[in-house]
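Chains C and L, in that order, are what the protein sequence lines are.
For our numbering, count along the first sequence from 1 and bump the result up by 8.
For our numbering, count along the second sequence from 1 and bump the result up by 17.
Keep in mind the hints are simulated off the structure, nothing from the lab.
Keep in mind that a hint or two might mislead.
Calculated pairs, EDC-like style, for lysine to aspartate or glutamate (alpha carbon to alpha carbon, straight line, at most 20 Å) [as the list claims (entries may be wrong)]:
| no. | chain 1 | residue 1 | chain 2 | residue 2 |
| --- | --- | --- | --- | --- |
| 1 | C | K248 | L | D205 |
| 2 | L | K265 | L | E237 |
| 3 | L | K265 | L | D205 |
| 4 | C | K185 | C | E357 |
| 5 | C | K149 | C | E56 |
| 6 | C | K248 | L | D128 |
| 7 | L | K265 | C | D52 |
| 8 | C | K248 | L | D115 |
If you want the building blocks of each chain, they are given just below.
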Amino acid sequence: MSPAGGARKPRRQPRAGRAAHRVGPLVGGKRAAAALDVDALLDDRRTEIIVCCGSGGVGKTTTAAALALRAAERGRSVVVLTIDPARRLAQSLGLSALDNTPATVDAGPAVEAAGGRLDAMMLDMKRTFDEVVEAHASPEKAEQMLTNPFYVALSSSFAGTQEYMAMEKLGQLYARKDRGWDLIVVDTPPSRSALDFLDAPEHLSSLLDGRFIRLLIAPARGPVRLLSTGVGVVTNVLSKVLGAQVLRDLQTFIAAFDTLFGGFRQRAERTYALLQAPQTAFVVVATPEPDALREAAYFVERLGEDKMPLAGLVLNRVTGSSAPALSRERALEAAEQLRDGLSDGGESEHAAVEGLLRLHAERAGSRARQLRLVRRFIAAHPWVAATAVPALPGDVHDVDGLRRIGELLSRADAGVDEDVA
Amino acid sequence: MRAVYARVMSEWPHVRLHVVTGKGGTGKTTVAAALALALASSGQQVLLCEAEGRQGIARLFDVPPLPYEERSVALGSEGGEVHALAIDPEAALLEYLDMYYHLGRAGRALDRFGVVDFVTTIAPGLRDVLLTGKVYEAYRRRHKKDKTSVYDAIVLDAPPTGRITRFLNVNTEVAGLAKMGPIRNQADSIMDVLRSEGTAVHLVTLLEDMPVQETLDAAEELDAIGLQVGALIVNQLRMSPLDDDTRKALGDQRLAAPALVGALADAGLPGRGVAVSAEDLAEDLVTAGAEHVERLTLEAALRETVERSGRPVCTLPLLTDGVDLGAMYELAESLCAQGLA
């Protein structure tokens, strides 16, 4: 799963290769980013799935929940699938890890007045996996599978399982038309790389479908002549390194998984196709920091390659602009001037203004740095519509906080173009 | 406060392996790199390892992507040096096979059959054994001649807090798969080092709700599995340019914008080229100041929560100009001053 490891596989090479050919826009064109019209996206009944993705710590979960709440307040019947919400947010949404199914959130009168609904759930990765096994295997096979140590390890801690199960759950929710949702908002797992969840199903299926699997289960099935020297070496090494017991467990696991596997692969492919469908919209979430924007850039490019519909970019925690007419330099200069006059205990107003001017200079400096980074991103990806959410003084942990984020996401001047153009 | 910092490193005189973790976005890679620089500046040979394949270290030190090979990336004073290594589990497996089983060619055969990919991804315990196993190998490596340790200190940029306990608790992970056999023995030896006085796990956090909560949870989980928790490192600590009186006045909403117009005029503001009225400018400055104070108040409460844990706490300042190599030296100096290196 690691990008470094993956890069060694020919299968994953093309992505890196293609990325090298990325071509930017012609130099000198107008580079204003289009504003992402969040309300239009939410109001469009053709939007049935919104996937929020981005690197860790950029506010994906909050963004997903805020979008879901706003959609519900605009009359949609929404279910939001969160992966790992902050405890207080989870509590205020009434989410518990216990049931692995959506429950209706008491989101205030606005939702009801608009005829909408907000359901929410938190992904339980192991449980989702167990349910898939139980649904697709005979009771005896399922039992055998659920207690196999390899299955237990795979379903509870494989780095890609969470990604895979998030997509599995999305497929399940989408299939439940009877629950009456017309919009599903999905948060994605905090992966090492934001791209992991796109690759997880494919990687898992190729692992379980690979040459090695056929090789390992061959002795159990086929005639002995299938055992080429290669197989001999492999099983020999494995039993040496892992121990014979581990090898036996592994073989049992694979034999059991193999019969299940047709179904897994098909489902992975269906979910992948769903992600490419026009009713899906990806929202890439980032903060105006180099690492987060780099991940966002990979993501935007990858979505393009895989023909997945991108709605736009949400930039969280942008330092707000106050008193834009006063430049950083001028503020610092004025602060110096005041300090010189402050030598022996001047008026408290002078000290206050000096401090406030320095604070202004700091904020203006951060903001300028952030906008430089965003401008570069937009220059390289001019087709990406964007919206910016200013950094809030407090943390978001209740429905009111989410509503506020929703308002900020969709306010008319939320685009970044007026800052960046 | 000073007293808390001074005792930081004296609490763990034997630590040679520093594991650095934190929630995504808290800057754990930056802190790990700064810690490596701090250790190297006192003349130590330091190995900085990356376990997640993101090449964050290469970017911080402004060098090409790191191969699976130890490379010198920075020189400290007094002969200290930072070497960096990006640990790739697949390469580590092949190296392991070669080292312990002399399986040069057979190892490559395994790779060809997709075994290496399979084993390193699907059996997560194995993956972690390989990653920590490489760290363990570097930790124990000695010079042939005088048998002294090759590295005085090792800093591991580890997976985020959400996965750290599982990552470090390798033998339990593997126990589910292998009750005996070579892999199990390897896992047990690794665990002995991780649980020893020679290892400390430092947790990086920001003064925000979720990272603080996750950090304190992770610290307890680490305690529970017998690992030594090192310092809680509060990263990106906001410094205030406002004096106490002004902060207090803003917090109590006693600072009236109109009263500041005179002082602004003394500073020559708004003045030429600043297209805003003195009243509006004062209003904007006060609003920004009030938000800043609100954030500071929240951060102070979170900081208290962090300190109430009774664990040693270090802080690193928020760098408003972004993190570059020069800034990392500043952070390293700050860690030295606080006794973490």
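- Query: For the pair supplied as a hint, K248 (chain C) and D115 (chain L), is the alpha-carbon distance within the 20 Å limit?
  - Reply: holds, 13 Å
- Hinted pair K265 (chain L) and D205 (chain L), Cα distance within 20 Å: violated, 55 Å
- Message: Please verify whether K149 (chain C) and E56 (chain C) have alpha carbons no more than 20 Å apart.
- Response: At roughly 36 Å apart (the allowed maximum being 20 Å), E56 (chain C) and K149 (chain C) break the hint.
- Query: Has the given pair, K185 (chain C) with E357 (chain C), been kept, meaning a C-alpha gap of at most 20 Å?
  - Reply: Distance ~63 Å between K185 (chain C) and E357 (chain C) Cα, so the pair is violated.
- K248 (chain C) paired with D128 (chain L) [C-alpha distance capped at 20 Å]: Distance ~16 Å between K248 (chain C) and D128 (chain L) Cα, so the pair holds.
- CA of K248 (chain C) to CA of D205 (chain L), is that 20 Å or under? Since the Cα atoms of K248 (chain C) and D205 (chain L) sit roughly 17 Å apart, the hinted pair holds (cutoff 20 Å).
- Item | Pair hint K265 (chain L) and D52 (chain C), alpha-carbon separation not exceeding 20 Å | Distance ~48 Å between K265 (chain L) and D52 (chain C) Cα, so the pair is violated.
- Task: Below or equal to 20 Å on CA atoms is what counts here, so check K265 (chain L) against E237 (chain L).
- Result: violated, 36 Å
Checked against the numbered hints given earlier, this structure breaks hints 2, 3, 4, 5, 7; the rest are met.
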